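Q: For reference, the chains in residue letters:
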Amino acid sequence: METKKSDGILVVKMVPRFDAYSAKEVEADLNESIENGTDKILCDFSETEYISSAGLRVLLATAKKLKKSGGEIVLSSLKPYVNEVFETAGFTPLFNIYASEKEALAGMK
Amino acid sequence: MKPGEEKKIRVPARLENLEKLIDFTLSCLRSAGIEGETASDIHLAVDEACTNCISYTYPSGSPGDIELTCTLSERSFVATVRDWGITFNPLKVGPPDLNLDIDRRPVGGLGVYLMKKFSDRLEYRRENGSNLLTIIKMLD
Chain A
1222 METKKSDGIL
1232 VVKMVPRFDA
1242 YSAKEVEADL
1252 NESIENGTDK
1262 ILCDFSETEY
1272 ISSAGLRVLL
1282 ATAKKLKKSG
1292 GEIVLSSLKP
1302 YVNEVFETAG
1312 FTPLFNIYAS
1322 EKEALAGMK
Chain L
1190 MKPGEEKKIR
1200 VPARLENLEK
1210 LIDFTLSCLR
1220 SAGIEGETAS
1230 DIHLAVDEAC
1240 TNCISYTYPS
1250 GSPGDIELTC
1260 TLSERSFVAT
1270 VRDWGITFNP
1280 LKVGPPDLNL
1290 DIDRRPVGGL
1300 GVYLMKKFSD
1310 RLEYRRENGS
1320 NLLTIIKMLD
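Protein chains in written order, with the numbering used here: chain A, 1222 to 1330; chain L, 1190 to 1329.
Treat the hints with care, as some may be off.
[Said to hold, decoys possible] Below, in silico cross-link-like pairs of lysine to any residue (SDA-like), each with a Cα-Cα straight-line distance of 25 Å or less:
1) L:K1209 with A:K1285
2) L:K1305 with A:F1316
3) A:K1330 with A:T1224
4) L:K1306 with A:P1314
5) L:K1326 with A:D1260
6) A:K1245 with L:F1277
7) L:K1305 with A:R1278
8) L:K1305 with A:V1303
9) A:K1289 with A:F1316
10) L:K1306 with A:P1301
11) A:K1225 with A:G1311
12) L:K1306 with A:K1323
13) A:K1245 with L:K1326
14) L:K1209 with A:Y1302
15) A:K1245 with L:I1291
16) L:K1326 with A:E1305
17) A:K1330 with L:I1291
18) A:K1330 with A:Y1271
19) A:K1245 with L:K1209
20) L:K1209 with A:K1330
21) L:K1306 with A:K1330
22) A:K1300 with L:R1219
FYI, nobody ran anything at the bench for these hints, they're computed from the structure. No experiment lies behind these values; they were computed from the predicted model shown.
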């Protein structure tokens, strides 16, 4: 996964197809970052066309982990279909979701 | 695909074959001229069905196969997922509580719910030692 650091925030470009197969790798990468001390993560969904329950599962597990350690996970740039899956699963109220990466970074400061 | 046509793929029920099953579904949808939200809904429902099968129905030892059949009719697209594992009826899985806050929300348990929400009808039956799950999406 493509990542960059911006003012202590890890910005992660999420995969195009976030299903059970890719979720394994995404979860391993996120867990590794958290173990290495990252406590603020911005997941950029601008290239994600698709998410399944396996992707939602990774996001919720990561959010719980970061909340416990005083950190946070923020999402940005959800495409309409990904947003619809979020709404259906009742995930929208659980996350801070911004329209763009820029707005998310400003909101996290 | 033309109405009345049926296409089938059978692969070992392993996570690394999920892409194959989904690519097969997407190519069936494309050749049937189904796109947009209807195609995405079918993609999600088939993915959840296959992922469940891969994750739960072959709990021990080497996994058996998963067979996915896509059928186009005049008014509907039907995807049937068959496996030869332990009995698993996803229609018996209760709905999740979507009002819980982040601390009390269980991790997982959304797959069957999404499958129900994004399809028009689901049917399950146990047949000759196999689980047969049929996902029906109406075309309009």
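Q: All the hints need checking, so say for each whether the structure fits it.
A: Okay, the hints, checked on the actual structure:
Restraint check for K1209 (chain L) and K1285 (chain A): not satisfied, since their Cα atoms lie roughly 32 Å apart, outside the 25 Å limit. Between K1305 (chain L) and F1316 (chain A) the CA atoms are separated by roughly 24 Å; this keeps the pair inside 25 Å, and the hint holds. A threshold of 25 Å between alpha carbons decides the hint, and for K1330 (chain A) with T1224 (chain A) the separation of about 19 Å falls inside it, so the pair holds. Simply put, K1306 (chain L) and P1314 (chain A) have alpha-carbon atoms about 19 Å apart, close enough for the 25 Å limit, and the pair holds.
Among the hinted pairs, K1326 (chain L) with D1260 (chain A) is inconsistent with the structure: their alpha-carbon atoms are about 42 Å apart, more than 25 Å. Distance check on the hinted pair: K1245 (chain A) and F1277 (chain L) sit about 23 Å apart at the alpha-carbon level, within 25 Å; holds. Only pairs whose Cα atoms come within 25 Å are accepted, and K1305 (chain L) paired with R1278 (chain A) is accepted, the gap being roughly 18 Å. A distance of roughly 17 Å separates the Cα atoms of K1305 (chain L) and V1303 (chain A); the hinted pair therefore holds under the 25 Å criterion.
The hinted pair formed by K1289 (chain A) and F1316 (chain A) meets the criterion: a straight-line CA distance of about 15 Å does not exceed 25 Å. Note on K1306 (chain L) and P1301 (chain A): the hinted pairing holds, with a Cα-Cα distance of about 17 Å set against a maximum of 25 Å. At roughly 29 Å between alpha-carbon atoms, K1225 (chain A) and G1311 (chain A) are farther apart than 25 Å, so this suggested pair is violated. Between K1306 (chain L) and K1323 (chain A) the alpha-carbon distance is near 33 Å, which puts this suggested pair outside the 25 Å criterion.
A threshold of 25 Å between alpha carbons decides the hint, and for K1245 (chain A) with K1326 (chain L) the separation of about 29 Å lies outside it, so the pair is violated. Using a Cα cut-off of 25 Å, the hinted pair K1209 (chain L) and Y1302 (chain A) holds, with the two alpha carbons roughly 22 Å apart. For the hint pairing K1245 (chain A) with I1291 (chain L), the CA-to-CA distance comes to about 21 Å; that is within 25 Å, so the pair holds. Under the criterion of a C-alpha separation no larger than 25 Å, the hint pairing K1326 (chain L) with E1305 (chain A) is consistent with the structure, at around 18 Å.
The hinted pair formed by K1330 (chain A) and I1291 (chain L) meets the criterion: a straight-line CA distance of about 22 Å does not exceed 25 Å. Proximity of K1330 (chain A) to Y1271 (chain A) is assessed by CA-CA distance (about 29 Å); at most 25 Å being required, the pair is judged violated. Of the supplied pair hints, the one linking K1245 (chain A) and K1209 (chain L) holds, its CA atoms being roughly 17 Å apart against a limit of 25 Å. The hinted pair formed by K1209 (chain L) and K1330 (chain A) fails the criterion: a straight-line CA distance of about 42 Å is larger than 25 Å.
The suggested pairing of K1306 (chain L) with K1330 (chain A) is violated, with an alpha-carbon distance near 37 Å, which exceeds 25 Å. Straight-line distance between C-alpha atoms of K1300 (chain A) and R1219 (chain L) comes to about 21 Å, which keeps the hinted pair within the 25 Å bound.
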